[in-house]
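For chain A, the structure is supplied; the task is to place chain B on it using the hints.
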Amino acid sequence: ETGVTQTPRHLVMGMTNKKSLKCEQHLGHNAMYWYKQSAKKPLELMFVYNFKEQTENNSVPSRFSPECPNSSHLFLHLHTLQPEDSALYLCASSPYSGEETQYFGPGTRLLVL
Amino acid sequence: GENVEQHPSTLSVQEGDSAVIKCTYSDSASNYFPWYKQELGKRPQLIIDIRSNVGEKKDQRIAVTLNKTAKHFSLHITETQPEDSAVYFCAASSGSARQLTFGSGTQLTVLP
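Which chain is which? The protein sequence lines are A and B, in order.
The opening position of the first sequence corresponds to residue 282 in the numbering used here, with each subsequent residue numbered one higher.
The opening position of the second sequence corresponds to residue 199 in the numbering used here, with each subsequent residue numbered one higher.
Honestly, the hints are just simulated from the structure, not real lab data.
Cβ coordinates follow ideal geometry from the N, Cα and C atoms, glycine included.
Warning: the hint list may mix true and false statements.
[Stated by the list, open to error] What the simulated footprint calls covered on chain B by chain A, stretch by stretch (three residues with Cβ under 8 Å from a Cβ of chain A suffice, anywhere in the stretch; the number is not a length):
| no. | segment |
| --- | --- |
| 1 | 220 to 232 |
| 2 | 297 to 306 |
[To be verified] Calculated cross-link-like contacts (lysine-lysine; reagent style PhoX-like; alpha-carbon spacing at most 25 Å):
| no. | chain 1 | residue 1 | chain 2 | residue 2 |
| --- | --- | --- | --- | --- |
| 3 | A | Lys322 | B | Lys220 |
| 4 | B | Lys240 | A | Lys300 |
| 5 | A | Lys321 | B | Lys269 |
| 6 | A | Lys303 | B | Lys240 |
| 7 | A | Lys321 | B | Lys220 |
| 8 | A | Lys322 | B | Lys269 |
| 9 | A | Lys317 | B | Lys266 |
| 10 | B | Lys220 | A | Lys317 |
[As the list claims (entries may be wrong)] If you want the ones that stay clear, here's a sample from chain B, every Cβ over 10 Å from chain A, calculated:
| no. | residue |
| --- | --- |
| 11 | Pro206 |
| 12 | Val211 |
| 13 | Ser216 |
| 14 | Ala217 |
| 15 | Pro242 |
| 16 | Val252 |
| 17 | Lys256 |
| 18 | His274 |
| 19 | Glu277 |
| 20 | Ser291 |
The following block holds chain A by itself, in its conformation from the complex:
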């Protein structure tokens, strides 16, 4: 599947590192999302971008910093993370923000040591 791609697929980082996750969608969508998926917990919406503008920030700590340079690309910049931030980070896109089918990427499995 090539609709929504994410890199890297796996990432191990120390608490003092800075890293970035990348998401790219080839579906011509205008909305992009970051979700956090932890074991035995619901998918947690982190950020929403609609037409490159951030429309939602679900009280996410500032150590997570999103960037959306255009409607096809979405980044999540990480710095001074905590071990409890270890999770699967999923990117998704939809034609527009709101009540639309969301298409997910394969995720980045993040481990913070």
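Chain B alone, transformed into the frame defined by chain A:
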């Protein structure tokens, strides 16, 4: 904000039997209710969705029912097959931006 509760957390059925997963939501303004399937190590994928203007929707072996009065909706899988084994998530739209709030997931295992 929206609260979506999903039950059961795990479900095992024999191949050929039916499986039912139930979700309740709290926001009476919710209008959109998708169901996603996530196989082990793979991305979530939409399998069916329903909007508040209908009470039931069916797609081959999969159906979803919605009771807006009671604020609950259910996923029904008939004639289950081993490849139906996965985690299933329900979701409901909520908030001014109508974003999705997900349930905690149901691990379905279909025993051959």
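Outcome of the hint check:
no. : hint                : verdict
1   : 220 to 232          : holds (count 3)
2   : 297 to 306          : holds (count 7)
3   : A:Lys322 / B:Lys220 : holds, 17 Å
4   : B:Lys240 / A:Lys300 : holds, 23 Å
5   : A:Lys321 / B:Lys269 : holds, 24 Å
6   : A:Lys303 / B:Lys240 : holds, 18 Å
7   : A:Lys321 / B:Lys220 : holds, 17 Å
8   : A:Lys322 / B:Lys269 : holds, 22 Å
9   : A:Lys317 / B:Lys266 : violated, 29 Å
10  : B:Lys220 / A:Lys317 : holds, 23 Å
11  : Pro206              : holds, 13 Å
12  : Val211              : holds, 21 Å
13  : Ser216              : holds, 25 Å
14  : Ala217              : holds, 20 Å
15  : Pro242              : violated, 5 Å
16  : Val252              : holds, 14 Å
17  : Lys256              : holds, 18 Å
18  : His274              : holds, 20 Å
19  : Glu277              : holds, 25 Å
20  : Ser291              : violated, 5 Å
Hints 9, 15 and 20 from the list above are not met by this structure, while the remaining hints are.
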